[in-house]
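K.L.:
With chain A held as given, fit chain B onto it using these hints.
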Amino acid sequence: MKKFGNFVANDNLNFEVYEGEIFGFLGANGAGKTTAIRILSGLSESTSGEVIVAGYNAKKQPEQIKKNIGYMCQKFSLYADLTVKENIMLYGGIYGMRKALIRERTDILLNKLNFREYGDRFISDLPLGLKQKLAFSVAVMHEPKIVFLDEPTGGVDPITRRQFWEMIYETAARDITVFVTTHYMDEAEYCDRISIMSEGKIVALDTPVELKKQYDAESVEEVFVKIARPGNTPHPTPISSRGEGE
Amino acid sequence: MKRFLGFVKKEFLHIFRDFRTLVILFGIPVVQILVFGFVVSTDLKNAPVAFLDLSNDEITQKVSDKICSSGFFRRGETLLNYNDIDKTFRKNKIKAVIIYEKDFGRKLISEGKASMSIITDGSEPNMATLITNYITAIVTDFNRELAGSQTTGKLMVQPEVRMFYNPSLKGHFMFVPGVITLILILICALMTSVTITREKEFGTMEVLLVSPLKPVQIILGKVMPYFLLSFINVIMILLLSWLVFGLPVKGSLVLLLAESMLYILMSLSLGILISTVSKTMQQAIFISFVGLMLPTILLSGFIFPIENMPSGYGWVAALMPPKYFIIIIKNIMIKGTGFLYVWKETLVLTVMASAFIWLSIRKFKIRLG
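Just so you know, the sequences run in chain order A and B.
Numbered according to my numbering, the first sequence terminates at residue 246, and the numbering increases by one at each position without gaps.
Numbered according to my numbering, the second sequence terminates at residue 1369, and the numbering increases by one at each position without gaps.
No lab work stands behind these hints: they were computed from the structure.
Check before you lean on any hint, since a few could be wrong.
Just the calculated beta-carbon pair ranges, DEER-fashion [said to hold, decoys possible]:
| no. | chain 1 | residue 1 | chain 2 | residue 2 | range |
| --- | --- | --- | --- | --- | --- |
| 1 | B | 1132 | A | 80 | 54 to 64 Å |
| 2 | A | 62 | B | 1363 | 33 to 43 Å |
| 3 | A | 108 | B | 1347 | 21 to 31 Å |
| 4 | B | 1071 | A | 124 | 33 to 43 Å |
| 5 | B | 1257 | A | 80 | 47 to 57 Å |
| 6 | B | 1277 | A | 62 | 21 to 31 Å |
| 7 | A | 60 | B | 1312 | 50 to 60 Å |
| 8 | B | 1297 | A | 62 | 24 to 34 Å |
| 9 | B | 1216 | A | 103 | 25 to 35 Å |
| 10 | B | 1253 | A | 103 | 20 to 30 Å |
| 11 | B | 1092 | A | 80 | 48 to 58 Å |
These stretches of chain A come out as covered by chain B in the derived footprint (C-beta under 8 Å, 3 or more residues) [stated by the list, open to error]:
| no. | segment |
| --- | --- |
| 12 | 41-53 |
| 13 | 56-69 |
| 14 | 102-108 |
| 15 | 153-165 |
Predicted model, so just to flag it, every value in this text is computed and none were measured.
Don't be surprised by glycine CBs; every beta carbon is placed ideally from N, CA and C.
Here chain A stands alone, though its shape is the one from the complex (with noise of 0.2 Å):
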């Protein structure tokens, strides 16, 4: 299996993702996930370590990071007073591709939300479910080869949240990777992987069926409590120098 990402910062972060797997990342608010991510995505830059997304060199090769990865962020991405196409549209122009390409993408992508009639609708008029689903599938519109998920489904019902799932496993189905944070225990157990931050560390790293057996518990639920919960880190760390912010 391909090698994908190798990450090291400050906060002695080492973890590898697979192609084709969905990666899932947990932690407690200010246990440095988002901080993680922004750098995966190129929004910061590590202090030192070596990065390396999409098989390129964060520090050398941004520019082709950028054209393979996927971004979809906590606060909504989409442009409110745009329609659902012209979104798409914009999205699609941002990355290059070509407009017939845009349009044939757009039909399949509307005929798979059951979108057809919303195409001319503004964002703004949509429920909060249906735009998460969408911000989604526009950022994988352009086949990435990675995808960065923060937080997606923050207030969404589980219903929709459900069928969120649905998509993600659909987009890995397709050979992208899936690298998503959550605070929902029970989508941390869709994962192929988890890894668990504390204070800016990588406590855990594996499959949820293995975590639940090393650490004698019913649920990645427990799983995380017995890590996660200040003072109970298995291997005491102080705060890394580095600010760790959500």
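P.N.:
Leaving out everything else, chain B in the frame of chain A:
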């Protein structure tokens, strides 16, 4: 390039779909031009004048008629005694009172001298001075007619005062350059800083920064629409002031538009600079208003002459880019001078623009890091 064009198109959609943005872009310039032109006008037009005629003869009638038919004044109340003066002023009905002394006409003919008083409302000092000057001029004119008609041929030497560049003392001539200066800094600095901070606040900026668009392309894409629209605004204001107030551009139109572009560029880079230091739209609006709008109105020489300011303020005014643009635009529009007369101001603006562009690009990069 195609990426960039798609991005610019999106910016135009933002502008044309937001009613408030459109009002600021095209409503405010029109309203300001009309308000400053018609309402805040400092011209004298049909100012009411009351007369206290203690002589009431043929000559005082003639003088009064001449004053009232000038177009600057109209006949207000006719007063009967001195006590009425204070009363009518307090009722705020009139701008001035003219008093003729007893036996005005007889004295003028027999002694060649008669006196009249002009009383004005000192609570409006500018208006009071203006009225005094106008009435004095009219009376002087009357004197000359009188002297000319006399067979003795005695001619008084009269000083002739003439206002250069604005011979009919029209107030709008002074404010059109000011309004252009104000509108451009408002649109360019305020709107660009708001549109950039808006993306930051809504989280869409992150998506753009993650995308293959280069930061320079994002900035250019953001400012390009405003550059075009501000330029259209300049043309609109010039057309409006020409069609409504009959104010032509005396100097070179090309030079005027070129200088405007320089000023627009400077304001846009100021806007980007503001956006890099503010986290929210409110902050950007606040900085633009307090940091740019107020100084432009108060310290640029738009309304209050810089020469009359205490020396400290003069120094502050020297740091205000609008000050230089107002000088340039007044020179070209009203005096009709060429580039040779405004090259110093142009140089100052160029230096300021380069400094702001350099600073804003640097700041924008630092923020990304």
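K.L.:
Compare the structure with each hint and give your call.
P.N.:
Cross-check of the supplied hints:
1. Taken as a hint, the range 54 to 64 Å holds for the pair residue 1132 of chain B and residue 80 of chain A, whose Cβ atoms sit roughly 60 Å apart.
2. Under the hint 33 to 43 Å, the C-beta atoms of residue 62 of chain A and residue 1363 of chain B, about 20 Å apart, miss the expected range.
3. For residue 108 of chain A paired with residue 1347 of chain B, a C-beta distance near 58 Å fails the hint of 21 to 31 Å.
4. The beta-carbon spacing between residue 1071 of chain B and residue 124 of chain A, approximately 56 Å, falls outside the hinted interval of 33 to 43 Å.
5. For residue 1257 of chain B and residue 80 of chain A, the hinted distance range of 47 to 57 Å is not satisfied, since their beta carbons lie about 36 Å from each other.
6. At about 25 Å, the CB distance of residue 1277 of chain B to residue 62 of chain A agrees with the hint of 21 to 31 Å.
7. Checked against the hint of 50 to 60 Å, the pair residue 60 of chain A and residue 1312 of chain B passes, with Cβ atoms roughly 53 Å apart.
8. With their beta carbons about 44 Å apart, residue 1297 of chain B and residue 62 of chain A fall outside the hinted range of 24 to 34 Å.
9. In this structure the hint that residue 1216 of chain B and residue 103 of chain A lie 25 to 35 Å apart at CB holds, the actual value being about 29 Å.
10. A hinted range of 20 to 30 Å is violated for the C-beta pair residue 1253 of chain B and residue 103 of chain A, which are about 45 Å apart.
11. Under the hint 48 to 58 Å, the C-beta atoms of residue 1092 of chain B and residue 80 of chain A, about 52 Å apart, fit the expected range.
12. Figure legend: the segment 41-53 of chain A, annotated as covered by chain B; annotation consistent (5 residues with Cβ-Cβ distances under 8 Å, at least 3 required).
13. For the segment 56-69 of chain A, the stated coverage by chain B is satisfied: 4 residues place a CB nearer than 8 Å to a CB of that chain, which reaches the threshold of 3.
14. Interface restraint, the segment 102-108 of chain A with chain B: violated (0 residues with C-beta to C-beta distance below 8 Å; minimum three).
15. Residues of the segment 153-165 of chain A lying with their CB closer than 8 Å to a CB of chain B number 0, which falls below the three-residue condition for coverage.
In summary, the structure is inconsistent with hints 2, 3, 4, 5, 8, 10, 14 and 15 from the numbered list given earlier, while agreeing with the others.
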